[in-house]
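2 protein chains.
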Amino acid sequence: MEGEPTLRLRIFDLNCWAIRYLSRRRRERVRLIGDTLRQELFDLVLLQEVWSEQDYSDLKVKLASCYPFSHYFRSGVIGSGLCIFSRFPILDMLLYQYSLNGYPYMLQHGDWFCGKSVGVGMGVTAPLLSLSLQLHAEYCRDKDAYLPHRLVQAWELAQFIRHTSKAADVVLLGGDLNMHPEDVGIRLLRGWTGLQDAFAEATRFEGCKNGCTLVPDNCFTDKSELLPFPLGIRIDYILYKAISSFTVKCEELKTTTGPAPGMNIPFSDHEAVMATLHIQRQGQPVGATLGTADLALADVVTEARTEVGVGLRAAQQQRYSWGRMAVLALLLLLLQAAAALGTLAGLATEQPFPKLSFCLLAFLALGVLVLATGLHLFHTMEVKILHGTEDQMRMVLRALQERP
Amino acid sequence: MEGEPTLRLRIFDLNCWAIRYLSRRRRERVRLIGDTLRQELFDLVLLQEVWSEQDYSDLKVKLASCYPFSHYFRSGVIGSGLCIFSRFPILDMLLYQYSLNGYPYMLQHGDWFCGKSVGVGMGVTAPLLSLSLQLHAEYCRDKDAYLPHRLVQAWELAQFIRHTSKAADVVLLGGDLNMHPEDVGIRLLRGWTGLQDAFAEATRFEGCKNGCTLVPDNCFTDKSELLPFPLGIRIDYILYKAISSFTVKCEELKTTTGPAPGMNIPFSDHEAVMATLHIQRQGQPVGATLGTADLALADVVTEARTEVGVGLRAAQQQRYSWGRMAVLALLLLLLQAAAALGTLAGLATEQPFPKLSFCLLAFLALGVLVLATGLHLFHTMEVKILHGTEDQMRMVLRALQERP
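Protein chains in written order, with UniProt numbering: chain S, 1 to 404; chain A, 1 to 404.
Source of the hints: derived by calculation from the structure; they are not laboratory data. Hints are supplied without guarantee of correctness; some may be wrong.
Which copy is meant is left open, because identical chains are indistinguishable; a pair holds if it fits in one copy or across any two.
Once the Cα atoms are required to be at most 25 Å apart in a straight line, the calculated SDA-like pairs of lysine to any residue come out as [said to hold, decoys possible]: (1) Lys254 <-> Gln39; (2) Lys355 <-> Leu366; (3) Lys60 <-> Ser245; (4) Lys60 <-> Ile265; (5) Lys223 <-> Glu206.
Work out the full structure: start from the sequences and follow the hints.
Here's what the structure looks like:
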């Protein structure tokens, strides 16, 4: 601390739950979020689940005077839902889409259609790399079929941060990670990048108990989801890391506690997370925090690799099943073609040809063939990505174990 | 040049054209490539279009003694086809998939199924970021429907290099860019990253005229493709850039000239590109080459943005057409449902109900509905990505123009 001036940075992070036609009292809540952001001047606002571009445009107009810089990240069928508002210039933008993000046929879960991504904004005051993101949702904790996908996302995110953060002085990540603090994905992300958890590091904390961001006090949360967790769960995070000769300290962390301050409805079904960070230049570069915890990190990577392996085997099984189904449908079609040709050639004329059921069967077989082939291809891609991630993790493990 | 030792790096780059069942004399050529690589010791080998994992495994076994480090990048349905062999340790790996890569229904072009990506290897001697990659193929130069996709890829690649290269001392890129040297995509990539073209910078050159890598002398090239270019075209590149206090010089660049040295067949339908680079540490950091050429760069970005805009409008048109088709098919289905219900309810009993043609029509409508909906969703994603890229380019243009 050589008397260098301190930069105080106030960050607001919120999963807005603004799905057109589906989210309750959406317009009212987006208006409320806009009003609050205008009143309380933050430096950086990271929003997720702003699915409608109209909502973003409305916010942009409303916040133009106090947050002159903003960006909306487009991807997937619906969009990424990510946007950034900033008081300081955003110099460059990058969108990284995860390789895996659920299944297109799980319409009720919808993750695939959103093209879940990390939005990266470079720039502002000190070279600051700020990321806004959301990982694949967890729909059933006990039998979590999406765990391998979420782990691949956590891994890709960690790799992405490692590779892009060298240009920055401070990395800042805010978003809905859809993982509890002790989950393997969070440990993997934090261990492999050295990111620190603002909640754990904060000097002062104010808000829901244990920093929870999905709480029963919020009138929009699904109470049945929270039954095993009566106090709520913490899945929205602000994580940070100083890269070069800087130190970052979290002075204060706050969450909303159900209804928005002074209002009768909450901002969203998630609580907002607000952090005040102190960034200061230091004489010597901060030592690598990674080296000291190599062994623990190797354990986490091993655990994650095991889960990815489980996902890989499930995906291989799916690929095989759908491939077999496609072959069967093709055989049926060929059989039908042979029968039709036989009839045309005048064989078996003693019996009437059942045209209607024949056509129905042919169309059914064709439909199954197309569907099964599509799913076979999709799971083939899934296998490649899971396999590739496993390879990368193996390489990292070897490197970790070979370090003196 | 403060008497620091020079690192001499020999690089081999080849599009191997090793497609199972389709590429002629594949096994023989892969064997030949392996033998040559073993004889002539390069430091780094960047291969593309190694579509079969078996070919990679064979190469790996054969090259294990001289190139102990290697990686195969998995993505897409078929794979990325990219692999790296290195004499020096590969410390970290990253695969970046482009957001856009052709259309799944253009089966004859196949790009979509390959999951075209950039494979990034970090590590080796001096922190060296080496990229192996391939961009979307050009199938018709005069009416190039894939130009916007290739431009989005070139842009994403440039952004990716800008954001990941800060951790490296030298960036090295080898691959089949599927673009002629004067094309807008190459100018965009080079202008926005500051990468230098080994062919243009080489002190000594030996090989095909103008450094061409698709030449009529190669017995595997499609002669009709090369009719407008009797000398051949140059689409395979080795590009490089020194980041921090290093200088890189290209001492020598070579290409093969049809048949492999001492053999009667070529390695591939592309010529191999071999570069010898000199890397030396310098006292002061190399000045930014970007600032000096801001105006020219702004022109290139504007040109690229115009092309992306053309692609955007085409994609919007497609999205609209397929959406309309889906709505029409849905209407037809509803109409049929109404007719069927009417018949069941005993209306219009005086006429026989044409079951067969009714069923055929219903299945046809259903098929069209599914297909059109799928394509509508696909083009929606395409619109989002093209729109997002246009946004990013606009932001960069503004930043370029606002610079003093």
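Right, here's what the structure says about each hint:
For a Cα distance limit of 25 Å, the shortest separation of Lys254 from Gln39 inside one copy, 17 Å, qualifies, whereas the shortest one across copies, 64 Å, does not. Taking the shortest Cα distances, Lys355 and Leu366 sit within 25 Å of each other both inside one copy (16 Å) and across copies (19 Å). Within a single copy, Lys60 and Ser245 get their C-alpha atoms no closer than 34 Å, and across copies no closer than 42 Å, so neither meets the 25 Å cut-off. Only within a single protomer do Lys60 and Ile265 lie at most 25 Å apart by alpha-carbon distance; the minimum there is 22 Å, versus 61 Å between protomers.
Only within a single protomer do Lys223 and Glu206 lie at most 25 Å apart by alpha-carbon distance; the minimum there is 23 Å, versus 72 Å between protomers.
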